[in-house]
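S.K.: Model the full structure from these sequences, guided by the hints.
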Amino acid sequence: MIEGAPWRRWVFFYVPVTAFVVSLLFPFYWMVITTLRPDNELYRPWSASNYAPFWTTHPTFEHVRDLLTETLFTTWMLNTMLISLAATAISLFCGVLAGYALSRLKFPFAGSIGTAIFITYLVPQTLLFIPLADIIRNFRLGDSPWALILTYPTFLIPFCTWLLMGYFKSIPKELEECARIDGAPRWKAMVYIIFPVAVPGILSAGIFAFTLSWNEFIYALVFLSSPEQKTVPVGVTSELVRGDVFFWGELMAGALLGSVPVAFVYSFFVEYYVSGITGSVKG
Amino acid sequence: MATVGSVASVALRRQYVPMSRRGPITRLLEDERRLAFCLMLPTVVLLCLFIAYPFFNGILLAVTDTRVGVPGHFVGMENFVKIWNDNIFRIAVWNTCLYTFVTTVFKLALGLWLALLLNRHFRGKAFMRAFILLPFIIPTVLSTFAWKWMFDPTFSVLNWMLFHAGIIHTRINWLGDPVMAMVSVIIVNVWRGVPFYAISLLAGLQTISPELHEAAAIDGAHAWARFRHVTWPLLLPVTLVIVLFSVIQTFADFQLVYVLTGGGPANATQLFATYAYQLGIGTGLLSQGAAISLAIFPILLLVVIVQLVYIRRAETL
Numbered sequence: 001m002i003e004g005a006p007w008r009r010w011v012f013f014y015v016p017v018t019a020f021v022v023s024l025l026f027p028f029y030w031m032v033i034t035t036l037r038p039d040n041e042l043y044r045p046w047s048a049s050n051y052a053p054f055w056t057t058h059p060t061f062e063h064v065r066d067l068l069t070e071t072l073f074t075t076w077m078l079n080t081m082l083i084s085l086a087a088t089a090i091s092l093f094c095g096v097l098a099g100y101a102l103s104r105l106k107f108p109f110a111g112s113i114g115t116a117i118f119i120t121y122l123v124p125q126t127l128l129f130i131p132l133a134d135i136i137r138n139f140r141l142g143d144s145p146w147a148l149i150l151t152y153p154t155f156l157i158p159f160c161t162w163l164l165m166g167y168f169k170s171i172p173k174e175l176e177e178c179a180r181i182d183g184a185p186r187w188k189a190m191v192y193i194i195f196p197v198a199v200p201g202i203l204s205a206g207i208f209a210f211t212l213s214w215n216e217f218i219y220a221l222v223f224l225s226s227p228e229q230k231t232v233p234v235g236v237t238s239e240l241v242r243g244d245v246f247f248w249g250e251l252m253a254g255a256l257l258g259s260v261p262v263a264f265v266y267s268f269f270v271e272y273y274v275s276g277i278t279g280s281v282k283g
Numbered sequence: 284m285a286t287v288g289s290v291a292s293v294a295l296r297r298q299y300v301p302m303s304r305r306g307p308i309t310r311l312l313e314d315e316r317r318l319a320f321c322l323m324l325p326t327v328v329l330l331c332l333f334i335a336y337p338f339f340n341g342i343l344l345a346v347t348d349t350r351v352g353v354p355g356h357f358v359g360m361e362n363f364v365k366i367w368n369d370n371i372f373r374i375a376v377w378n379t380c381l382y383t384f385v386t387t388v389f390k391l392a393l394g395l396w397l398a399l400l401l402n403r404h405f406r407g408k409a410f411m412r413a414f415i416l417l418p419f420i421i422p423t424v425l426s427t428f429a430w431k432w433m434f435d436p437t438f439s440v441l442n443w444m445l446f447h448a449g450i451i452h453t454r455i456n457w458l459g460d461p462v463m464a465m466v467s468v469i470i471v472n473v474w475r476g477v478p479f480y481a482i483s484l485l486a487g488l489q490t491i492s493p494e495l496h497e498a499a500a501i502d503g504a505h506a507w508a509r510f511r512h513v514t515w516p517l518l519l520p521v522t523l524v525i526v527l528f529s530v531i532q533t534f535a536d537f538q539l540v541y542v543l544t545g546g547g548p549a550n551a552t553q554l555f556a557t558y559a560y561q562l563g564i565g566t567g568l569l570s571q572g573a574a575i576s577l578a579i580f581p582i583l584l585l586v587v588i589v590q591l592v593y594i595r596r597a598e599t600l
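Sequences listed follow chains A and B, in order. Quick note on this note's numbering: the first sequence kicks off at 1 and runs consecutively. Quick note on this note's numbering: the second sequence kicks off at 284 and runs consecutively.
Just so you know, the hints here were simulated from the structure itself, not pulled from any lab data. Careful, some of the hints might be misleading.
Okay, the calculated beta carbon distance ranges per label pair [claimed, not checked]:
#	chain 1	residue 1	chain 2	residue 2	range
1	B	Arg316	A	Gly166	19 to 27 Å
2	A	Ser170	B	Gly459	50 to 58 Å
3	A	Tyr43	B	Ala597	50 to 58 Å
4	B	Trp396	A	Tyr51	29 to 37 Å
5	A	Asn40	B	Thr453	23 to 31 Å
6	A	Arg65	B	Asn402	43 to 51 Å
7	A	Tyr29	B	Ala500	38 to 46 Å
A short, non-exhaustive set of chain A residues, derived as facing chain B with CB atoms under 7 Å [as the list claims (entries may be wrong)]:
#	residue
8	Met31
9	Ala101
10	Leu122
11	Pro124
12	Leu128
13	Leu132
14	Pro185
15	Ile218
16	Leu251
17	Gly258
18	Ile277
Just so it is clear, CB atoms sit at the ideal spot from N, CA and C, and this is done for glycine as well.
M.R.: Take a look at the structure:
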């Protein structure tokens, strides 16, 4: 703690921490309050005398009901869930195998393949979306979940591989050697000895990959066109805004409900998530 | 560790089969190179198909005059000459650099401050850390909509707060005014990025042994001197890696600007990615769009090389 007089503690600790927490969380509070506010209160200019920003006396679930019954929101949720889970599964499968090979096995070009994967890790999606859209069209994958299930791993695999490489390196070699001396074949030692020990690392990579695919926007925006195929971020952006009219109540309800699965997964695995972030940075 | 190893191998010993009686696949995979080949195959195939191939395809697109539905002809460097002389492209380059620079400075400063605050023992620390990461994990598009609503000219709660605090006397036209639009976009990006910086830097701070601080304190170093001469040099390698990742992400940012301003008003917030999208997908000028997004690459490469060299040097110090 900060040494010295109590006022120092207030000035250097409590006040800045509170300011950070309030400003980081305020937009979420604003989502909740907007969702629950009836329309006649919602569209009241801020300069009006009866503008009451921080609470509502007539909370309503009208917007949530409209969102669930009159839009395709539930379909988008299912699409996003399916795509995120499939992309995460593919990426984990590839990432675990590649991470093991790169950290444990000696083979030609291991170093250059590792570097190449690190470079793809740094390639942003916005660099490739136009030629990829062309390729997706040629493969006749356009407007189907497969377009995203197959392309999301391109930014998830490098991340998973990199994270898991670090994790595998931290597992002592002797563990595997014991099994090998006892006569276990190479692949069995890998699957039955190393992978179970690496579960925490695999879990952090998986959670991170899931939230990244839930968050992805530009590929989903470009590759999907029909409303029933869209993911939550794209559906909310394109279908809840008609022309210049924003349906703010429904939009905020959508933003809130669309964040729930990610927040849910996150709340259970905060520690794994944090170690995923720090692991990805440490490399 | 020895106990774990022996327990695991006891479990395996039951399945022991002499080499000669093992299946052909197991025998094939006993060779290190072959096993490595099989393990790398799925990753290499997927990455070649959806990263390397589109990358070369993008280069091919950029030297033709392809539009949507119209096969193109080879035109050489014409597209690059065209975008070089394009005023909007120049604005986008400038905006992207400005946006990246300003947001990175703020994210680093505020993130470091928050990390230093959190690097203390106090009640509810784990809880607070979990909540602070929310802006980073909630899908960007969705939280950006909340900001767009907070920036709404007529219904803005921010205007109400600033007005009642006595800071402003007329409304701020957050997204309608060219300068304020850039400021708004920067605010949202900083808001989203600070938690990532703070949590990563916090992890870096926790690896610094408290004994170093104690030793410095005994030598009479004040808080600032301890930070300047103990914490900062030890934190530098981690910081550089975080900045590298963040700069790349920010440089290629799309979704935040797309939702908040769409690049407007009058291209005041147009970035590389939003302009590439507008030309390539919006107007269907595929090859010009591809040329613009390819133009990100050399700049990105330069930034990455400079930073990697810097990281190398910081690590060997």
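S.K.: Go through the numbered hints given earlier and state which of them the structure violates, listing their numbers in rising order.
M.R.: Checked against the structure, no hint fails, so every one of them is satisfied.
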